[in-house]
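When we follow full-length UniProt numbering, the leftmost residue of the sequence shown carries the number 1, and every step to the right adds one.
I should point out that these hints are in silico values taken from the structure, not numbers from a laboratory. The beta carbon of each residue, even a glycine, is placed where N, CA and C say it ideally should be. Treat each hint with caution, since some may be false.
Simulated pairs of lysine-lysine, DSSO-like, Cα-Cα distance not exceeding 27 Å [as the list claims (entries may be wrong)]:
(1) Lys282 x Lys162
(2) Lys441 x Lys282
(3) Lys370 x Lys418
(4) Lys277 x Lys370
(5) Lys361 x Lys471
(6) Lys361 x Lys279
(7) Lys37 x Lys78
(8) Lys218 x Lys306
(9) Lys441 x Lys370
(10) Lys277 x Lys37
(11) Lys282 x Lys370
(12) Lys282 x Lys218
Restraint ranges, calculated between C-beta atoms of paired labels, are given here [claimed, not checked]:
(13) Glu463 x Leu365: 26 to 36 Å
(14) Gly435 x Glu339: 32 to 42 Å
(15) Glu475 x Val126: 44 to 54 Å
(16) Glu388 x Glu475: 11 to 21 Å
(17) Gln419 x Arg452: 15 to 25 Å
(18) Gln419 x Met373: 19 to 29 Å
(19) Gly45 x Gly336: 32 to 42 Å
(20) Arg405 x Ile63: 52 to 62 Å
(21) Ser472 x Asp266: 24 to 34 Å
(22) Gln221 x Arg452: 29 to 39 Å
(23) Leu86 x Arg452: 44 to 54 Å
(24) Glu339 x Ser362: 25 to 35 Å
(25) Ser472 x Glu388: 15 to 25 Å
(26) Leu365 x Pro111: 41 to 51 Å
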Amino acid sequence: MESLNKEIAPATVYPEKVLQFGTGVLLRGLPDYFIEKANRQGIFGGSILVVKSTASGGTDPFIDQDNRYTVHINGLDKGQEVSETLVVSAISRVVSAQRDWAEVLEAATNPALQIVISNTTEVGIVLDEQDNLSAEPPQTFPGKLTAFLYRRYQAFEGDATKGLVILPTELIDRNGQRLKDIVLQLARLNGLPSDFVEWVTTFNTFCNTLVDRIVPGKLPQAQRLRAEADLGYRDSLAIMAEPFRLWAIETADERVKAILSFAVVDPGVVLAPDITKFKELKLRLLNGTHTFSCALAMLGGWSTVKEAMQDELFSRFVTNLMTLEIIPSLSAVAIGEVEARAFADSVVDRFGNPFLDHQWKSISLNYTAKMEMRNVATIQRYVQVKLETPTYMALGFAAYLLLMRDAQLDDPNAGEIKQAWKQSDINAVVDAALGQSAVWKTDLRTYEAFARSVKQQLAHLLENGVQDTIKSTVEA
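Kindly generate the complete structure, drawing on both the sequences and the hints.
What follows is the structure in structure tokens.
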């Protein structure tokens, strides 16, 4: 069996329009995937220069495969099983920031370059005031980017047309604005000219973005062997991705839209003047549903999300939680029912994906902080909009309290909830837990009907168990 680079015909050579910091699976399964699709349709006509920004590992696997790899798309779409493959050939070369920094800086002089993409993890976009931009390379990703932009500014003498569109995909709020602020701070701390600061500010566009796609990485061994037999080649860089994909990019600039021409080839790329609603849909319907459901699933003995979704009652709980309670709450932030229902349908597909082994234990990491960030506002909005108690949310919250009593979870806030369990009875336990204002950033006892419902659901869980409590809720 041949390796991929011998089996697949040579790719079309395009100018390097994109500089990408990071070789991770999210970048390869989302931005690079979209650019590949656009190139195939003759729309974008650009390749990607990838900078490996970490010291670990090397670039040899990319060199061995002529920078190509296969994306295996496996999962559910509108309830139907999907299994597709796409060979991505959009990467022109992969260089190491540690070994090839001069080569990276040389790319700054490329007049065809238009876009910078990054995914350096959530801790990558940080300010290090000691970062030396003259180092080869600078220590941090913002330092590397600042040095790269300064080299470009020098090469083109501040040409207004040579500014770049910068698209960080790190999962932090307002990631583009945050990165821009740090770049400007580093420029000033390193004594770079004010004209350069003005050039960055005026002619380079830092877009806030949101990415959403589960890309687990390498295929499980059995699936990999089947894929090799079916495709007739080996691919050491092959990755798996779910069918759902979203890359929301915040811009209203027509110049930026023209540069990001790849966006037109896939509905998963969204260019919008405000991406807040996409953040809300993901946070409340995907992440929030995970958090409301997690404790119920773990108490019910299910290890993975797909396993729990195979249970009819649990699947109905998840669907009803979203459609009956979370979706109505989104009207408080001007998200329409039709759009929210479409996203909720995709969540059901994603939860039930038979190709993913998403562990509830991993979802429970930092459980209390997730409950506060993802769900407290949802509870408040539902009460505000509907003027009644969200029963499914109350059950999810009651299950969370019960799980926190006994489970040993990786949760730095577990102590406050465990302390509540030292009260004399269930009512007192719930009041003590809901009254943890430092945890919830509000006193949840003020939502009296919700507090009563949590008490009732917790008592039902203790007396009758998970299955009976879910049944009584979904059949009420």
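Right, here's what the structure says about each hint:
1. The straight-line distance between the Cα atoms of Lys282 and Lys162 is roughly 35 Å, outside the 27 Å bound, and the hint therefore fails.
2. Distance restraint check for Lys441 and Lys282: the Cα-Cα separation of roughly 21 Å lies within the 27 Å cut-off, and the hinted pair is therefore satisfied.
3. A threshold of 27 Å between alpha carbons decides the hint, and for Lys370 with Lys418 the separation of about 17 Å falls inside it, so the pair holds.
4. Our distance criterion of 27 Å between C-alpha atoms is met by Lys277 and Lys370, whose separation comes to about 19 Å.
5. The hinted pair formed by Lys361 and Lys471 meets the criterion: a straight-line CA distance of about 23 Å does not exceed 27 Å.
6. Distance hint between Lys361 and Lys279 is fulfilled; the C-alpha atoms sit about 24 Å from each other, no more than 27 Å.
7. This hinted pair checks out: Lys37 and Lys78 have alpha carbons roughly 22 Å apart, not beyond 27 Å.
8. Restraint check for Lys218 and Lys306: satisfied, since their Cα atoms lie roughly 19 Å apart, inside the 27 Å limit.
9. For the suggested pair Lys441 and Lys370, the alpha carbons sit about 13 Å apart, so the restraint of at most 27 Å is met.
10. Under the criterion of a C-alpha separation no larger than 27 Å, the hint pairing Lys277 with Lys37 is consistent with the structure, at around 26 Å.
11. Taken as a hint, the Lys282 and Lys370 pair is honoured in the structure, with Cα atoms around 13 Å apart against an allowance of 27 Å.
12. Simply put, Lys282 and Lys218 have alpha-carbon atoms about 25 Å apart, close enough for the 27 Å limit, and the pair holds.
13. The beta-carbon spacing between Glu463 and Leu365, approximately 30 Å, falls within the hinted interval of 26 to 36 Å.
14. The hinted range of 32 to 42 Å is satisfied by Gly435 and Glu339, whose Cβ atoms lie roughly 36 Å apart.
15. Our hint of 44 to 54 Å for Glu475 and Val126 holds, since their Cβ atoms are close to 50 Å apart.
16. About 19 Å separates the C-beta atoms of Glu388 and Glu475, a value consistent with the hinted range of 11 to 21 Å.
17. For Gln419 and Arg452, the Cβ-Cβ distance of about 22 Å falls inside the hinted range of 15 to 25 Å, so the restraint holds.
18. The supplied range of 19 to 29 Å is met by Gln419 and Met373, whose beta-carbon atoms lie about 21 Å from each other.
19. Range check, Gly45 to Gly336: about 36 Å between beta-carbon atoms, so the 32 to 42 Å window is met.
20. Distance hint for Arg405 and Ile63: a CB-CB separation of about 53 Å, consistent with the stated range 52 to 62 Å.
21. In this structure, Ser472 and Asp266 break the distance hint of 24 to 34 Å, their C-beta atoms being roughly 43 Å apart.
22. The given range of 29 to 39 Å is broken by Gln221 and Arg452, whose C-beta atoms sit roughly 51 Å from each other.
23. Judged by the Cβ atoms, the range 44 to 54 Å given for Leu86 and Arg452 holds: they are separated by roughly 52 Å.
24. The given range of 25 to 35 Å is respected by Glu339 and Ser362, whose C-beta atoms sit roughly 29 Å from each other.
25. Checking the proposed 15 to 25 Å range against Ser472 and Glu388 shows it holds: the Cβ atoms sit about 18 Å from each other.
26. Separation of Leu365 from Pro111 is about 46 Å and conforms to the stated range, judged on CB atoms against 41 to 51 Å.
In terms of the numbered hints stated before, the structure departs from hints 1, 21 and 22, listed from lowest to highest.
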